[in-house]
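Protein chains in written order, with this note's numbering: chain R, 1 to 285; chain S, 286 to 581.
Hints are computed from structural coordinates only; laboratory data are not their basis.
In silico EDC-like pairs for lysine to aspartate or glutamate, Cα to Cα no more than 16 Å straight-line: (1) S:Lys554 with R:Asp224; (2) S:Lys549 with R:Glu225; (3) R:Lys151 with R:Asp57.
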Amino acid sequence: MKIAVASGKGGTGKTTIATNLAVSLSRSGHNVRYLDCDAEEPNGHIFLKPDITESEDVTVGVPEVDQEACSGCGRCGELCQYGAITCVKGKVLLFEQLCHSCGGCMAICPEGAISEKQRKIGAAESGHSNGMYFAHGLLDTGAIQTPALIKHVKRGIVEDEKNILDVPPGTSCPVIEAIRDADYVLLATEPTPFGLNDLVLAVEMVRRLRIPFGVAINRCDIGDEEVLRYCREEDIKVLIQIPNDRKIAETYSRGEMIVDALPEYEKKFLQLYDKIKNMVKTDEK
Amino acid sequence: MKELVVISGKGGTGKTSIAAAFASLAPKAVIADCDVDAADLHLVLGPAIKEESDFSGGREAAVIPDRCTACGKCAEMCRFDAITLDGPANEGVGKTYAVDPISCEGCRVCVEFCPADAISFEPAINGKWFVSDTRFGPMVHARLGIAEENSGKLVTLIRKKAKELAEKESKDMLLCDGSPGTGCPVIASIVGADLVLIVTEPTLSGRHDLERVARLTANFGIKTLICINKADINPEVSDMIESEARENGLKVVGRIPYDEAFTKAQIMKATLTEYTSGAIAENIKTMWREIIYELG
Chain R
1 MKIAVASGKG
11 GTGKTTIATN
21 LAVSLSRSGH
31 NVRYLDCDAE
41 EPNGHIFLKP
51 DITESEDVTV
61 GVPEVDQEAC
71 SGCGRCGELC
81 QYGAITCVKG
91 KVLLFEQLCH
101 SCGGCMAICP
111 EGAISEKQRK
121 IGAAESGHSN
131 GMYFAHGLLD
141 TGAIQTPALI
151 KHVKRGIVED
161 EKNILDVPPG
171 TSCPVIEAIR
181 DADYVLLATE
191 PTPFGLNDLV
201 LAVEMVRRLR
211 IPFGVAINRC
221 DIGDEEVLRY
231 CREEDIKVLI
241 QIPNDRKIAE
251 TYSRGEMIVD
261 ALPEYEKKFL
271 QLYDKIKNMV
281 KTDEK
Chain S
286 MKELVVISGK
296 GGTGKTSIAA
306 AFASLAPKAV
316 IADCDVDAAD
326 LHLVLGPAIK
336 EESDFSGGRE
346 AAVIPDRCTA
356 CGKCAEMCRF
366 DAITLDGPAN
376 EGVGKTYAVD
386 PISCEGCRVC
396 VEFCPADAIS
406 FEPAINGKWF
416 VSDTRFGPMV
426 HARLGIAEEN
436 SGKLVTLIRK
446 KAKELAEKES
456 KDMLLCDGSP
466 GTGCPVIASI
476 VGADLVLIVT
486 EPTLSGRHDL
496 ERVARLTANF
506 GIKTLICINK
516 ADINPEVSDM
526 IESEARENGL
536 KVVGRIPYDE
546 AFTKAQIMKA
556 TLTEYTSGAI
566 AENIKTMWRE
576 IIYELG
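Based on the sequences and whatever the hints tell you, model everything.
What follows is the structure, encoded as C-alpha cells:
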C-alpha cells in the first residue's frame, strides 16, 4: 500500500499528517515506511528524528566530450532541446546544469565522441525511526532535477508494507514523480481562498492521473465553508479535519509529534488509515 | 528599476499575503506572480485581464499511428519511460507505440531515431499567461497547465514581460511573488533580482527551509532579507532564526505576530493593509520602509 500525502498549497499540514499517520500506524504494529519526497525542502526528519544509517549520492548522467574525437559537426547541439550542449565554430560547449539526461547527444554523435559521466544532484539518506523505515532526499543547492532524486527515494518502497509518501507542494513535475503509482493520494488543504484555489488544481492533477483521492482539512475552523462546499459539490470525501489548536501549532513549531502531545489524535489517524484502506479496496473491485 | 522577489522556502508562511500588502504600498510597481504552480496572488488583487497568451515551454512527441511499424526503437531510446506499446492498431501491426504526454520531457530523441518517421514534434501548450490591471497597477501572471513541465521557463517569461511593461510604463519597481522550494521555478524567479525577501515562520521546519533557501540566494549572490511571520508562535525559535541570520550577514526586517487578519483579509479579497489599519498593518508598513531603504 502506497499513500501519498500531497497538497496544492504549501504549509497546509502535509508533513504533520504524513508523519503522524506513519507513527500511529507503526505504533499499532504495522510495518511502516515513511518516504519524504519533498527533496527541495524535506522536513520529515525534524519530527521523526531518524537514525540515518545509509547515505548515497544521487547522480544523473551528463555528457562528456572527447574533443579530440569530435569533428565539430554540431549534430548534438541541433538535437538538444535544453541548451545543455551546443556547438560553436566547431567546438562543443557544455552546460551540465541544464541537461535532462535524455542521452540524445551520445546516441547521435557520429564519431562516438560523447560519453556519459555522472553529475551529483543530491543525496538520498535512509535509516530508522522507532522501528519504522525512514528515507528522504536532499537536493543540492542550485540543482534542478528534483524528479530524479525523488525516483531514488522511492526505491525504498516495499509493496507489502504501509508506505507513506510525503510529497512536495504544487502540481508540477516533482509532484507527479512522487505520486505516480500511489494507491491513494490524500490532499491536505486549509479552508481559505488560497487553500481552495490550490486544492482545485491538485484535484485536477490527481484526476488526470486517475488515482483515488480524498481531502484532509487542516486548521478547519480558521476560514470559510467554501472548501467543504466544493468537496460536497464535487463528491470528494473529506477524511479528516484538524482544528486550529494553538497547542498543535506550538508542538509543530518545536518539531514534535501531535500524537505525543495530544495522544487522542492517534485514534484519529488510525481511523484516517481505515477510511483510506476501504476506499482503495472499493476502487480495486 | 529595482526588482524585489518575495520567496519562502517553506510553504504557508504568509508569503503571498505579504507580497499582496506590498503591492498596495508600492504605487509605482509592476506586480508579477511567479508562483506559477499555485498562483494565489490574483485572488486578492482581482486582476482584470487585458491580454492573454498561450505559453509553450517546449515541444511534445506524439506517435502517428498510421506510420508506426512497432519496431520499438523509440521506447528503447526513451529515458523517461514515456513510450509504451499502447497505441491503436494500423494496417500493418496489431498495436502501435504511444507517448504518454505526462512523462514526455520533449527531448526529441524518439523523433530523431524513429526509422519510419512516425513521430511528430509540435509545440506543446503548457499554460497561459496574462497581462492585467489591478487597483495597484499592472500585473503579469500565469496559469501553468496541470502536470506540465517548464515552470522555470514560464517564470522567466513572466519576469521578462513584467520588466518590459515596467519600462514601457516608466515604473520604478518590479514586485515578484515567488514559489516555495529551492528548485527550478525558484531559481528562475530570483536570478538577477536586486533583492530577495524570505518569509519564514518560527518552527523548526521553517528554520530548516530558510537555511536551505538562503543558501540558494547566497549561491546566486543576491542580497537577502528575512521576515519572520507568526513570530510569537515560538519566540525562542524566532530568536534562534534571528541570531543565525545575523551570523550569516542576513538582516531580519520584520517580526510579524500571528494574526487572524491574514486569513480574514484573504476571505475579503483584500490586502492586509486594506483590511486593517491596526498593529499588523503598521508592522508591515515599517518592514516595507526598511525594504525600500535596503533596495536603495
